Amino acid sequence: VQYKTSPLVAGDFFYQSAEDMRTEPTSSLTVENLAAEKIFLLSLALSWFNGEFNDQIDQHPPASGSGQEKNEAWKHFEVLQELEAKMIQVSVASHIPHGNYSHDVM
Amino acid sequence: VREESEQSMMSHIQTPYELGHLLRVLSTVNLHAKYKTLETTCALLSNAGLVDLLFDKETKTFTLPPAETIVDRLAEAALFDDARTVAVANELDVDSITVQQAQHTLKQFSLSHFWSIAVERIVSHSISCNVSNSNSLLGNMEENQRAVRAVQDLTTCGRRFLLSIG
Numbered sequence: 001v002q003y004k005t006s007p008l009v010a011g012d013f014f015y016q017s018a019e020d021m022r023t024e025p026t027s028s029l030t031v032e033n034l035a036a037e038k039i040f041l042l043s044l045a046l047s048w049f050n051g052e053f054n055d056q057i058d059q060h061p062p063a064s065g066s067g068q069e070k071n072e073a074w075k076h077f078e079v080l081q082e083l084e085a086k087m088i089q090v091s092v093a094s095h096i097p098h099g100n101y102s103h104d105v106m
Numbered sequence: 001v002r003e004e005s006e007q008s009m010m011s012h013i014q015t016p017y018e019l020g021h022l023l024r025v026l027s028t029v030n031l032h033a034k035y036k037t038l039e040t041t042c043a044l045l046s047n048a049g050l051v052d053l054l055f056d057k058e059t060k061t062f063t064l065p066p067a068e069t070i071v072d073r074l075a076e077a078a079l080f081d082d083a084r085t086v087a088v089a090n091e092l093d094v095d096s097i098t099v100q101q102a103q104h105t106l107k108q109f110s111l112s113h114f115w116s117i118a119v120e121r122i123v124s125h126s127i128s129c130n131v132s133n134s135n136s137l138l139g140n141m142e143e144n145q146r147a148v149r150a151v152q153d154l155t156t157c158g159r160r161f162l163l164s165i166g
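As they're listed, the protein sequences go chains Y and H. For the first sequence, the working numbering gives the first residue as 1, with consecutive numbering after it. For the second sequence, the working numbering gives the first residue as 1, with consecutive numbering after it.
Derived by calculation from the structure, the hints in this document are not laboratory data. Quantities reported herein were computed from a predicted structural model and do not represent experimental measurements. Be aware that one or more of the hints could be misleading.
Said to hold, decoys possible - The list that follows gives simulated cross-link-like pairs (lysine-lysine, DSS-like), each with its CA atoms no further than 25 Å apart:
{"id": "1", "chain 1": "Y", "residue 1": "K75", "chain 2": "Y", "residue 2": "K86"}
{"id": "2", "chain 1": "H", "residue 1": "K36", "chain 2": "H", "residue 2": "K60"}
{"id": "3", "chain 1": "Y", "residue 1": "K86", "chain 2": "H", "residue 2": "K60"}
{"id": "4", "chain 1": "Y", "residue 1": "K86", "chain 2": "Y", "residue 2": "K70"}
{"id": "5", "chain 1": "Y", "residue 1": "K75", "chain 2": "H", "residue 2": "K57"}
{"id": "6", "chain 1": "H", "residue 1": "K57", "chain 2": "H", "residue 2": "K34"}
{"id": "7", "chain 1": "H", "residue 1": "K60", "chain 2": "H", "residue 2": "K34"}
{"id": "8", "chain 1": "H", "residue 1": "K34", "chain 2": "Y", "residue 2": "K70"}
Hey, can you work out the whole structure from these sequences and the hints?
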């Protein structure tokens, strides 16, 4: 599994990955594709939570016209939407597939 | 001469109020673009309660730390938008801040979920993505074995990484 990565992600994140590799003697991974995998997994995990909160919103939608404030799930969902958009930028800049839990790889 | 006098003024600054005022003046008269950047940084740090970062602990005078330090402190305080603003103003990498933000957000959400179960689902999904991404699976047996091993190694490290977040 080979990812192309740019120097954009070559910060502490890579060194942390290298530390992981030293504790994994049988690893066939390069520092670059391990770091890329972490970014991919972060996107995937955000997407998974996005789906979770979306389900909660579907199950308990705010009553329309009631003036009911957005519930916690809504607030989390909005935070995730914004963050996922930023993570897409990271993925694109680093030539890493963006992890999307419900719709496979973008 | 102008730079010396500006430096001299800055070195006499002893309070956040004086600093903010001087930076507003220097920024308004447009002496140098750096003052506008510094004014923005100072305002962000003041709002975050981190303005002490701009003052030497010993001499109590204004001392500008490296932009990386300011960005790190803002990110540590979970002020990721502010960290990105300072990073952009100083031409630093913003992607690493977003990655930190993702980890921070996931940690918060993981507290209210069965994180270990979620991790297994996420890792399983990543395996299928990695396998479908791997062009090597169309190659010979040796290449296939290498690709499968890479996916297995990614899975091991990925699971450990996600579990460490929660």
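Going through the hints against the structure:
1. Y:K75 / Y:K86: 17 Å, holds
2. H:K36 / H:K60: Status holds; Cα separation ~23 Å.
3. Y:K86 / H:K60: Violated: K86 of chain Y and K60 of chain H sit about 38 Å apart, past 25 Å.
4. Y:K86 / Y:K70: The given pair, whose Cα atoms are some 23 Å apart, holds under the 25 Å limit.
5. Y:K75 / H:K57: 40 Å, violated
6. H:K57 / H:K34: Between K57 of chain H and K34 of chain H the Cα gap is close to 23 Å, so the pair holds against 25 Å.
7. H:K60 / H:K34: Holds, at roughly 22 Å.
8. H:K34 / Y:K70: 41 Å, violated
Going through the hint list in order, the structure does not satisfy hints 3, 5, 8.
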